[in-house]
Amino acid sequence: MKSFRKELWFNIPSRVGFVNITGDVEDALRESKIKEGFVLVNAMHITASVFINDDERGLHEDYKKWLEKLAPHEPLSLYNHNLTGEDNGDAHHKRQIMGREVVVAITEGRLDFGPWEQIFYGEFDGRRRKRVLVKIIGE
Amino acid sequence: MKSFRKELWFNIPSRVGFVNITGDVEDALRESKIKEGFVLVNAMHITASVFINDDERGLHEDYKKWLEKLAPHEPLSLYNHNLTGEDNGDAHHKRQIMGREVVVAITEGRLDFGPWEQIFYGEFDGRRRKRVLVKIIGE
Amino acid sequence: MKSFRKELWFNIPSRVGFVNITGDVEDALRESKIKEGFVLVNAMHITASVFINDDERGLHEDYKKWLEKLAPHEPLSLYNHNLTGEDNGDAHHKRQIMGREVVVAITEGRLDFGPWEQIFYGEFDGRRRKRVLVKIIGE
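Taken in sequence, the protein lines are chains U, R and Y.
Under the working numbering, the letters of the first sequence match residues 2 to 140, in that order.
Under the working numbering, the letters of the second sequence match residues 2 to 140, in that order.
Under the working numbering, the letters of the third sequence match residues 2 to 140, in that order.
Because the hints were derived from the structure by calculation, they are not lab data.
Don't take each hint at face value.
A pair counts as met if it fits within one copy or between any two copies, since identical chains are not told apart.
[As the list claims (entries may be wrong)] With a Cα cut of at most 35 Å, we get these calculated DSBU-like pairs of lysine-lysine: (1) Lys3 - Lys34; (2) Lys131 - Lys36; (3) Lys70 - Lys36; (4) Lys34 - Lys66; (5) Lys36 - Lys3; (6) Lys65 - Lys3; (7) Lys36 - Lys7; (8) Lys70 - Lys131; (9) Lys34 - Lys131; (10) Lys70 - Lys34.
Isolated chain U, as found in the complex (with noise of 0.2 Å):
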């Protein structure tokens, strides 16, 4: 068994945001050399989310309204984590909804995808420097 690791990092420039990375995680699997296994992508911060979707603007546009709606950013006195001094309360709850990671099975040497898949890196706490990790195993 082979194993591979590496990190992407990211400051989004505002507090919320998506980016599409499958091409980060694909230069990462032909590095690897890996050609049947798993990779696991999954964000190191409690606030942030790696989920797979589709690369819609209109649609990103919706998951940060809705996200809004389910857990509000203000009133800050809204959680009780923020009496730590934080402010992020919010985006400890938006993360539980759009998820920590992801699994892609890896087969002949590629991210084996339906025909819309892409994987994002969900930022909700943002302009910061922040890391998600790449994981990959197989042989």
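Given chain U's structure and the hints, the job is docking chains R and Y onto it.
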């Protein structure tokens, strides 16, 4: 390390529906002859889910009602995504709640499950042929 | 490829509760002697979750309040599932929000975590003995 790949196909006659696919995954596991490892089961479409829960009809009705409340199908104008000509903006949201994939441990050639765990395909934009990927790695 | 399996048992004295199980998973990892691979940690029950987030008491109170709003325990008649004689319809919904499982990378014999990642068992129908599965594959 061995690996095994199989696709499951569905054509759910309604927009929303749930199908127990535990037996299909067990069949794939037997075909694979893998005794120890992980199986990944994921929707290959971004308006569908794979999840693990109870095979109880009342619960499935509850899920449908709850998801419709959290992300209603109508009015279609609720979703920017529908400006693309699609009418499935809601389905992209329902799928995020229910999840894209499950990873299940394989122990002594069997799905390593608790007493009530069953694997479901969750359809949120049906009435067409769609796929689930079963990928197994181990030995 | 090596594999390792361990069950963790819980008996949460309240209906809803969160327990930090990071140390238990680290213990399992040490026992396994696996240095590179993946660990899967999943609830073996369908009214419980395993998730990764912050070990902060205020946040956990926020999660409880939020989940209760998204899927209230009462009235019991809200859920068709409760017609079976159960009273845990809400727990099956809360678990879908928080997730069944996490997959964590193992690198150089350690959980490959960002600075604040901690693994939690999330109970939504407690006051009885329930289990979590830790399964590790790698070498």
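Run the structure past the numbered hints and jot down the numbers of the failing ones, going up.
Structure breaks hints 3, 4, 6, 10.
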